[in-house]
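First to last, the protein sequences are chains A, B, C and D.
When you line the first sequence up against the working numbering, it's residues 1 to 316, in that order.
When you line the second sequence up against the working numbering, it's residues 1 to 316, in that order.
When you line the third sequence up against the working numbering, it's residues 1 to 316, in that order.
When you line the fourth sequence up against the working numbering, it's residues 1 to 316, in that order.
What the hints contain is simulated information worked out from the structure, not anything from laboratory work.
Hints may be right or wrong, so weigh each one.
[Unchecked claim] Here are the computed lysine to aspartate or glutamate pairs in the DMTMM-like style, where the Cα-Cα straight-line distance is at most 20 Å: (1) B/Lys152 to C/Asp299; (2) D/Lys311 to D/Asp299; (3) A/Lys152 to B/Glu265; (4) D/Lys152 to A/Glu259; (5) C/Lys311 to C/Asp299; (6) B/Lys152 to A/Glu265; (7) D/Lys152 to C/Glu265; (8) A/Lys152 to D/Glu259; (9) D/Lys311 to D/Glu246.
[Claimed, not checked] To give an idea of the chain D side of the interface with chain C (calculated C-beta under 8 Å), a few residues: (10) Ser54; (11) His60; (12) Ile88; (13) Thr90; (14) Thr120; (15) Asp127; (16) His128; (17) Arg131; (18) Gly191; (19) Ser194; (20) Glu265; (21) Met266; (22) Pro294; (23) Gln295; (24) Ala296.
Values in this document were obtained by computation on a predicted structure and should not be read as measured data.
Note that beta-carbon positions come from the ideal geometry of N, C-alpha and C, so glycine has one too.
Residues per chain are reported as follows:
4 protein chains.
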Amino acid sequence: MPPPAARFPAPLRGVVPPLCTPLTPAGEVDTRSLRALVEHQLVAGVHGLFAVGSTGEAAHLSDAQRRTTIRTVAEAAGGRAPVLAGVIDTSTARVLDQARAAADAGADALVATAPFYATTHPAETEDHFRRVRAGVDLPLFAYDIPSAVHTKLAARTVGALAADGTLAGLKDSSGDLGALRRLLVGLRAEGVDSSFSVLTGSELTVDGALLAGAHGVVPGLGNVDPAGYLRLYEAARTGRWTEAAEEQDRLAELFGIIEAGAGAEMSHGASALGAFKAALGLLGVIESPATAAPQAALDGTAVASVREALKRAGLL
Amino acid sequence: MPPPAARFPAPLRGVVPPLCTPLTPAGEVDTRSLRALVEHQLVAGVHGLFAVGSTGEAAHLSDAQRRTTIRTVAEAAGGRAPVLAGVIDTSTARVLDQARAAADAGADALVATAPFYATTHPAETEDHFRRVRAGVDLPLFAYDIPSAVHTKLAARTVGALAADGTLAGLKDSSGDLGALRRLLVGLRAEGVDSSFSVLTGSELTVDGALLAGAHGVVPGLGNVDPAGYLRLYEAARTGRWTEAAEEQDRLAELFGIIEAGAGAEMSHGASALGAFKAALGLLGVIESPATAAPQAALDGTAVASVREALKRAGLL
Amino acid sequence: MPPPAARFPAPLRGVVPPLCTPLTPAGEVDTRSLRALVEHQLVAGVHGLFAVGSTGEAAHLSDAQRRTTIRTVAEAAGGRAPVLAGVIDTSTARVLDQARAAADAGADALVATAPFYATTHPAETEDHFRRVRAGVDLPLFAYDIPSAVHTKLAARTVGALAADGTLAGLKDSSGDLGALRRLLVGLRAEGVDSSFSVLTGSELTVDGALLAGAHGVVPGLGNVDPAGYLRLYEAARTGRWTEAAEEQDRLAELFGIIEAGAGAEMSHGASALGAFKAALGLLGVIESPATAAPQAALDGTAVASVREALKRAGLL
Amino acid sequence: MPPPAARFPAPLRGVVPPLCTPLTPAGEVDTRSLRALVEHQLVAGVHGLFAVGSTGEAAHLSDAQRRTTIRTVAEAAGGRAPVLAGVIDTSTARVLDQARAAADAGADALVATAPFYATTHPAETEDHFRRVRAGVDLPLFAYDIPSAVHTKLAARTVGALAADGTLAGLKDSSGDLGALRRLLVGLRAEGVDSSFSVLTGSELTVDGALLAGAHGVVPGLGNVDPAGYLRLYEAARTGRWTEAAEEQDRLAELFGIIEAGAGAEMSHGASALGAFKAALGLLGVIESPATAAPQAALDGTAVASVREALKRAGLL
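Given the sequences, and given the hints that come with them, work out the whole structure.
In structure tokens form, the structure reads like this:
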């Protein structure tokens, strides 16, 4: 069992990359590459690590692979940064099983979505988070990701769960910065902003989200360029907003690699995750760019376009 | 290990209810009630049993609860009807784990959806089904349920997987009978309709679906009134279409119980499943109408409305 | 002013094709071809004509073109069949203007959707239909077409407007035959089915819809093969359901022409409407297959595929 | 005919409120109130006026009401600020008719959406904008509003139409600031940012949008508090980002008035527009808070909540 982060920060602030899960060509978790990726992030100075989130291909990994991933990340982090673990499953009983396994594997905090597959009413969603928090004694983040879950967390739900301490924070991957603004204004009016952490998962509007009062960012692209997100965060933290925006612009251009697979018979997700992993391979961080089945692989032309983008961004 | 159905019918025809999963008030699988429900169905003459589908609250059950449910159904069926088991999970590796567990628990066939949470391209979806079929040697049905999965299976995907024998059949819960018509016409043109089973999951258009050439039906409402669906199926099978439509009309009126919870702070699913279970309780088939967390429960007024509907339908 | 249909039938029954609007290559209404199309339909024995609906490219026609179309159809019909006119616009004031123009141009009945662009609450939608009916004294049909309007008419809304005589009928293009079944059962329970006309716009499930009690069909494909839909309707009307289903299967295969443009840089609508018009051109009914801007045109290969389909269907 | 704005600014920058359309209780355009609203805006220093957009209830106004509105605004502006006019209609021919009428009524520029009701392919959408621009010789803005139109303008489409001068700008009401960021980065890379105006329609993320390089904002809430948006814009323009964010926070709280009608039988739109108009009434700018049929009206309690919000915001 790895040593836990001494105390989980409240609120959690900064750059918390949602780690890719490196795989072998045969589809198993490549723990050596995963350790290297953790080191790549910690050296850059990230403030936390998010394992088996959507970027970590949680939906495509077996329970055993998820456990291996969380344990490997927790051991590699060794208490140098808190480890958040996704507990992605369809509803309460299943999320609780994921949560227990993640706690056993060394997670410092949990990240859960609303139920999906079977849609719930906001009152049921609220009950869901309370039950998950009551079942496993770790800080719990709500993960608002309508593109995957097909409902958006209501501001009222998040507000109630923040006010009574059920939730330690929110990872907002809704892309709806206007709604996030209203939530932040509401949390401040309620006086719960000092302990509740609001993290944006939208990697192209981090400057705006921080300007609006968000505490940090969970950027998929941060796998590839953690230093860029650290510079962006530091510029924002110290009020150098123009610099923050310039760094964000640079990262927005690099983000174009997610379309490497456009036109091929593959999903947007397979293209984006394939591009992140191809980049990590080209940067020498991980061994293989393999993504989990049934996602299609990027072809050579696509990988070449990733290489060119890395060069333009000054990373290669 | 229960005895397997001697030979899985190809194509599977008839009424195959998606069983509710009776629970104790504490939320555990009530195996005694589940056995009684199986008997309730077999006595009525159903042609198969579908365990841990959406109506079985698969999304809300833990892996252990799913296994208990499948094993109980398989044992209670004792080879008198084939047992199909849902293997509902987000993607290939996870579905394969579900499939192995279902096979171990005694399932005669498996029912899998396309990947969800992370959306796949049709080519990736096709690969997904091939991998699931290759991994566990049981007949495999595709489960087309856009309301839960948020994509619709393409006719081309189903056609390809039917033609090469990957799939033994389709459970169509899309509600799109026009698309089903085109699929059936296409399957006949390809000559694959003699072994491939097309079952509709839309309990209000069974007469039309059978008239269009579907082989059977997987009706959630069949939990409550299996005899009604058997009469409907038999009328259709023997060309008495007006009688079939009249029976369908009667069942369509009874189906109104799914709105027992309208206006309450609960999901449509919780209302519908709560009503099915309340009806099974009122009919003396199961002990408790409890649904799985975090679904809200029907109140007394709602249950009273279910009782009235059962009386109007001649079931009480 | 053309002579009106002596008395508008209540309920309207039978086959009511939504007429294509033939255009010249320059994009103007080709009134000569339109008259020929009306004759093509009346000779086949249709029970009504629906001008400037979605199949008539209402969304792409100017007000002047809509008026020309309705007037031409009404004159060509000459009282031999009632003429329904679409009054497609975003909200009440605009629909009322369309309704007045349609009445002036000779329409016998009007077909209106719920407001779109700005979404309305069901109570507002109900008010909308009441205002339209009060403003222009013609029978009013509600047009339920979620693919265009992005809301579905609630059964409660339709029921209330049927019960008090605001609506003369419903054109259901939702594709949701299960919901239509429940509506029909409800209307019969309320005793309003004897005057209220329920027409399905789903051309592939006409047999099932008629079996469920629908009064008729508004089939886009009926432009091309009205005789097929008449045979289907007559078979159903006289209880020969197997024959009805066989005719429906034949039409379902012919319906494949809507995919003539698949793969090209054009919308599904442009492909489907282009195919209907190409077929009407190949059959010698209309002059030009032109569709309205900005819809792309089918290429030669696509038109050749339409020709082959017509041959297979025995129409060429 | 009013005097035109001497030269339409390229790019248009600043605060361009989408004007509410004041109505009499009988539902006619209240031109006196409309003139007062224009004055209210010009006194505050706005950089342009947008008439008959979504906030102007374009979808609910007849053609005659739209013309009256545009003419009144153009006359009241008297060349002191450019007047953009919405030309909201379902497709090309109809938008062209709207565009000619708007030009006749004195508009300085036009704002058009992609076709709706009948969905178009991106290539057809591009053709649509080219035809509209070719048909009426006024600067043309694309209006990206997926909540109304149900498609999102592709970055490729906007980029192509910006590069060749078809479009003078974009009003982005998609709420997707990440996509806007990528568009802005792309426009700069193409060198077309110096003449093409990017305006955000998201009133709660103006600080972030301006930080990302947007040229201005079209805020519905600006009807009520134009001075607030002017302060926000000026703070951002001069690099005082923390002040900009504070002003944005204040406006985000005021924006809560859009939920005045929550729980009532009315649409979100009717609640929001009713609240803006109630506020303008309470501020003494317009006579009546009436919204166009079939939108439901706010009740007294709702109006009282608007009054309280205005007081908290220091406007009353």
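We went through each hint and held it up to the structure:
1. B/Lys152 to C/Asp299: Violated. B/Lys152 to C/Asp299 sits at ~28 Å, over the 20 Å cutoff.
2. D/Lys311 to D/Asp299: With a Cα-Cα distance of about 19 Å, the restraint between D/Lys311 and D/Asp299 holds, given a limit of 20 Å.
3. A/Lys152 to B/Glu265: holds, 17 Å
4. D/Lys152 to A/Glu259: Holds, at about 17 Å.
5. C/Lys311 to C/Asp299: Judged against 20 Å, a Cα distance of about 19 Å means the pair holds.
6. B/Lys152 to A/Glu265: holds, 17 Å
7. D/Lys152 to C/Glu265: holds, 17 Å
8. A/Lys152 to D/Glu259: holds, 17 Å
9. D/Lys311 to D/Glu246: Holds. D/Lys311 to D/Glu246 sits at ~18 Å (cutoff 20 Å).
10. Ser54: This interface hint holds because 7 Å falls under the 8 Å limit.
11. His60: holds, 4 Å
12. Ile88: holds, 7 Å
13. Thr90: holds, 4 Å
14. Thr120: holds, 5 Å
15. Asp127: OK, holds: D/Asp127 within 8 Å of chain C, min 4 Å.
16. His128: holds, 4 Å
17. Arg131: OK, holds: D/Arg131 within 8 Å of chain C, min 6 Å.
18. Gly191: Since the shortest Cβ distance to chain C is 27 Å, the answer is violated.
19. Ser194: violated, 29 Å
20. Glu265: holds, 4 Å
21. Met266: holds, 5 Å
22. Pro294: holds, 4 Å
23. Gln295: holds, 6 Å
24. Ala296: holds, 6 Å
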